[in-house]
Amino acid sequence: PGNVPISTPFLLGTLRHNNFQVHSANHWLHSSIDVAIGGIEDSFPFDQEETEDDTDTTAALSDEGAYMLASRANGPSSCPAHAPYAALNRDAGPGVWYCYRHVGKRRGNRDIYTNNLAAYPDAAGTPDQSPNSEDVLTISRTTSTKTVMIDGIPYRLVIAGFTPSADGDCPATPPEGVTPVSTFTSKENKTSYGCLYASFSQERYIRIAKTVTAESEAIGGTIPSFNFTTLGIGDFVSPTGEPLATDQNASGFVDWSSFSDTPLTPTGYGKDGTVTSGYQAFIPGYSQFVIAETGPRIPGRRPLRFGEPGYFGPWKISDDPNSGRWELTDISCVNGVGEAVNVTRDPVTGGIDFSQVAPASSPAAVPITCNFTIQQQAPKLRIDKTVENVEGASGDRITVTYRVTATNDGTIAGTTGRLVDTPAFAPGLTLRSATIATSLDGLRSARAQNRAATYVLTQGTTVEPGASATWFIRMTVARDKAAAGYSEAALECVPSRGRLTPGRGLYNSVAGPYDHDGAANNEACVPARPRVIRIEKAGTQPVGTPNEDGTYPLDGAAFAIYDNEALAGTPVSVLDGGSRFVTAPLETGTTYWLVETRAPAGHALLPRPVAFHIEAGTDASASTVITTDFGADEGFTSVRVLPADAAASGDAALPGIRVVDTQVGVLPKAGAAGVYPQLAGGAALLALAGYAWRRREWARAS
Numbered sequence: 038p039g040n041v042p043i044s045t046p047f048l049l050g051t052l053r054h055n056n057f058q059v060h061s062a063n064h065w066l067h068s069s070i071d072v073a074i075g076g077i078e079d080s081f082p083f084d085q086e087e088t089e090d091d092t093d094t095t096a097a098l099s100d101e102g103a104y105m106l107a108s109r110a111n112g113p114s115s116c117p118a119h120a121p122y123a124a125l126n127r128d129a130g131p132g133v134w135y136c137y138r139h140v141g142k143r144r145g146n147r148d149i150y151t152n153n154l155a156a157y158p159d160a161a162g163t164p165d166q167s168p169n170s171e172d173v174l175t176i177s178r179t180t181s182t183k184t185v186m187i188d189g190i191p192y193r194l195v196i197a198g199f200t201p202s203a204d205g206d207c208p209a210t211p212p213e214g215v216t217p218v219s220t221f222t223s224k225e226n227k228t229s230y231g232c233l234y235a236s237f238s239q240e241r242y243i244r245i246a247k248t249v250t251a252e253s254e255a256i257g258g259t260i261p262s263f264n265f266t267t268l269g270i271g272d273f274v275s276p277t278g279e280p281l282a283t284d285q286n287a288s289g290f291v292d293w294s295s296f297s298d299t300p301l302t303p304t305g306y307g308k309d310g311t312v313t314s315g316y317q318a319f320i321p322g323y324s325q326f327v328i329a330e331t332g333p334r335i336p337g338r339r340p341l342r343f344g345e346p347g348y349f350g351p352w353k354i355s356d357d358p359n360s361g362r363w364e365l366t367d368i369s370c371v372n373g374v375g376e377a378v379n380v381t382r383d384p385v386t387g388g389i390d391f392s393q394v395a396p397a398s399s400p401a402a403v404p405i406t407c408n409f410t411i412q413q414q415a416p417k418l419r420i421d422k423t424v425e426n427v428e429g430a431s432g433d434r435i436t437v438t439y440r441v442t443a444t445n446d447g448t449i450a451g452t453t454g455r456l457v458d459t460p461a462f463a464p465g466l467t468l469r470s471a472t473i474a475t476s477l478d479g480l481r482s483a484r485a486q487n488r489a490a491t492y493v494l495t496q497g498t499t500v501e502p503g504a505s506a507t508w509f510i511r512m513t514v515a516r517d518k519a520a521a522g523y524s525e526a527a528l529e530c531v532p533s534r535g536r537l538t539p540g541r542g543l544y545n546s547v548a549g550p551y552d553h554d555g556a557a558n559n560e561a562c563v564p565a566r567p568r569v570i571r572i573e574k575a576g577t578q579p580v581g582t583p584n585e586d587g588t589y590p591l592d593g594a595a596f597a598i599y600d601n602e603a604l605a606g607t608p609v610s611v612l613d614g615g616s617r618f619v620t621a622p623l624e625t626g627t628t629y630w631l632v633e634t635r636a637p638a639g640h641a642l643l644p645r646p647v648a649f650h651i652e653a654g655t656d657a658s659a660s661t662v663i664t665t666d667f668g669a670d671e672g673f674t675s676v677r678v679l680p681a682d683a684a685a686s687g688d689a690a691l692p693g694i695r696v697v698d699t700q701v702g703v704l705p706k707a708g709a710a711g712v713y714p715q716l717a718g719g720a721a722l723l724a725l726a727g728y729a730w731r732r733r734e735w736a737r738a739s
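The opening residue of the sequence shown carries number 38 in the numbering used here; numbering runs sequentially from there.
Source of the hints: derived by calculation from the structure; they are not laboratory data.
Hints are supplied without guarantee of correctness; some may be wrong.
[Stated by the list, open to error] Computed spacing ranges between beta-carbons, pair by pair: (1) H553 to K308: 24 to 32 Å; (2) R488 to P336: 43 to 51 Å; (3) K308 to A209: 43 to 51 Å; (4) P131 to T299: 35 to 43 Å; (5) T475 to T627: 53 to 61 Å; (6) D204 to G76: 42 to 50 Å; (7) V632 to N487: 42 to 50 Å; (8) A556 to A490: 54 to 62 Å; (9) T634 to H553: 52 to 60 Å; (10) V133 to D356: 39 to 47 Å.
Small disclaimer: the values here were computed from a predicted structure and weren't measured.
For each residue, glycine too, the CB sits at the ideal point set by N, CA and C.
The task is simple: from the sequences and hints, build the whole structure.
So this is what it looks like as structure tokens:
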């Protein structure tokens with residue numbers, strides 16, 4: 038053929054087969070095609086099968102057939118009127134008859150071959166012309182064992198295959214759109230021609246690598262082994278023969294199912310855990326195949342079969358709705374010098390298509406490594422419960438609202454599963470109703486549910502990665518001080534070993550099947566202990582039993598306590614009468630303002646309200662602690678905080694605020710307004726005396 042481009046098929050020769058009757062018991066011919074070209078002399082063995090010819094009416098599959106199969110027949114004369122055409126079906130075995138309907142050329146899927154052409158409309162020919170009667174020649178080795186060196190790279194002669202020819206006239210290259218095949222078929226009782234093409238092609242080597250991303254370690258678990266396979270495109274036929282002896286030590290040519298027997302198990306997460314397979318050879322230009330991953334081998338889980346959904350991924354670890362899964366994140370192919378290789382991702386399998394891979398440009402670039410990078414993905418639902426707000430925690434009717442949040446800390450969407458809310462209040466705190474909604478505004482219109490042991494927030498809500506879903510449950514509670522087991526100690530929330538204690542305070546918990554961070558943040562509690570304090574009025578006049586600080590009880594004052602600085606609305610507590618008062622229950626976490634609304638006769642009022650709040654103490658009984666919200670230099674030296682006294686009894690045991698007053702005319706410790714008129718009068722007298730003295734001085738001067 039003269040000079041030919043490398044890796045381009047050229048006409049190697051023409052094959053003619055005179056396929057006429059030969060009476061022999063031997064059905065096979067084994068021979069070879071001997072080639073001497075371009076310094077290469079080699080023999081390519083082939084096998085020719087002398088098939089057994091059909092001799093009676095027979096049917097064969099055809100995309101342009103004129104017949105359709107109707108039913109099986111007992112014999113050639115037993116077909117019904119609607120399907121009267123009987124024919125053998127060689128694929129079903131010898132002597133098996135079927136009935137067929139005639140539907141017209143190119144409307145059916147069977148052709149019928151018969152010697153009685155008049156009885157079978159649109160018959161395709163005589164029985165000896167059926168496809169099953171054709172003789173088949175197959176080249177058993179398509180790659181030469183000899184090579185030629187071009188630019189330091191070995192090339193070998195590769196038999197591309199045959200294309201049919203009606204008369205033996207063959208073009209120099211395969212006709213456009215026609216792909217040579219490795220078999221040559223010939224009709225019985227005819228002379229058939231085939232055009233044989235070959236090329237001088239480079240042999241390259243491919244191996245696969247497997248990497249599990251470093252991010253997968255956050256999911257955890259044992260790294261499984263991963264399976265692969267190779268699928269041909271169209272009529273792909275792998276080259277036959279042995280790969281060249283090179284440093285890559287290829288075990289064979291890439292073929293259908295290549296790499297399926299070599300699962301890869303990464304040794305760790307990230308690039309340091311990457312593992313590789315051995316090399317297999319392929320010929321650029323004859324590489325119409327896809328290498329694809331078929332997923333991990335999960336212990337106890339049946340591997341998917343070809344054609345089943347998910348065979349090419351993503352691959353679920355189990356059938357659980359929140360199962361993790363393995364998902365390919367990248368496939369990269371580089372040659373021996375680290376350059377990217379021209380492969381494409383197959384849209385069906387997600388694998389890599391080698392159809393367009395070109396010959397290497399240097400010996401070092403010949404080998405190729407394709408790394409399949411996979412990541413374990415999983416939803417990670419975190420359930421969290423908090424107190425949104427509470428009203429009347431120290432009163433007889435309490436309204437408490439809890440917030441439940443499900444957050445997906447994982448990398449794929451997941452379901453919360455069934456979330457169940459369970460109240461476990463202290464004795465005497467009786468649940469009356471509950472309302473559930475996905476927003477605070479929604480609670481207003483949501484239907485109130487009667488008292489129950491548990492409440493279902495959701496049967497399962499899908500949460501996208503990085504997102505959250507929220508529910509609010511609002512409960513109305515009644516206090517019954519006469520209930521069995523009621524005690525103030527039980528109304529406190531009690532932590533123990535990082536958890537809260539059920540049956541104490543307004544304890545509430547939520548549970549779900551997919552909470553990855555444990556139950557410690559699935560519970561919340563509100564203390565419901567009524568906390569009262571005492572307010573005392575004291576003076577310096579020695580009347581009655583003295584207090585521990587030397588002051589004396591002082592009757593006749595009146596006080597009010599507000600929960601707002603503007604002193605608007607109805608006071609939280611009103612105190613009037615004696616020298617010691619007990620307030621109404623107060624809430625922790627709320628700032629209050631104590632106002633003296635009436636001072637005892639001859640005494641001054643507090644100049645302004647006293648801000649304070651109460652807290653639960655850290656002692657074993659969680660006693661009430663009062664904290665005033667003013668500084669030492671703000672003029673309230675007469676306001677004193679009294680701590681709780683566990684040794685005392687009755688009101689004296691309560692913490693309190695003592696307001697010490699003085700008689701009008703004595704400079705008060707608190708700077709009371711009662712002495713301001715006297716100070717103003719003194720200043721006026723001093724001013725008048727100064728004016729008189731000044732007039733006498735003017736008179737002398739004149």
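Hint check results:
| no. | hint | verdict |
| --- | --- | --- |
| 1 | H553 to K308: 24 to 32 Å | holds, 27 Å |
| 2 | R488 to P336: 43 to 51 Å | holds, 47 Å |
| 3 | K308 to A209: 43 to 51 Å | holds, 49 Å |
| 4 | P131 to T299: 35 to 43 Å | holds, 42 Å |
| 5 | T475 to T627: 53 to 61 Å | violated, 29 Å |
| 6 | D204 to G76: 42 to 50 Å | violated, 32 Å |
| 7 | V632 to N487: 42 to 50 Å | holds, 43 Å |
| 8 | A556 to A490: 54 to 62 Å | violated, 18 Å |
| 9 | T634 to H553: 52 to 60 Å | holds, 57 Å |
| 10 | V133 to D356: 39 to 47 Å | holds, 44 Å |
Violated hints, in rising order: 5, 6 and 8; the structure is consistent with all others.
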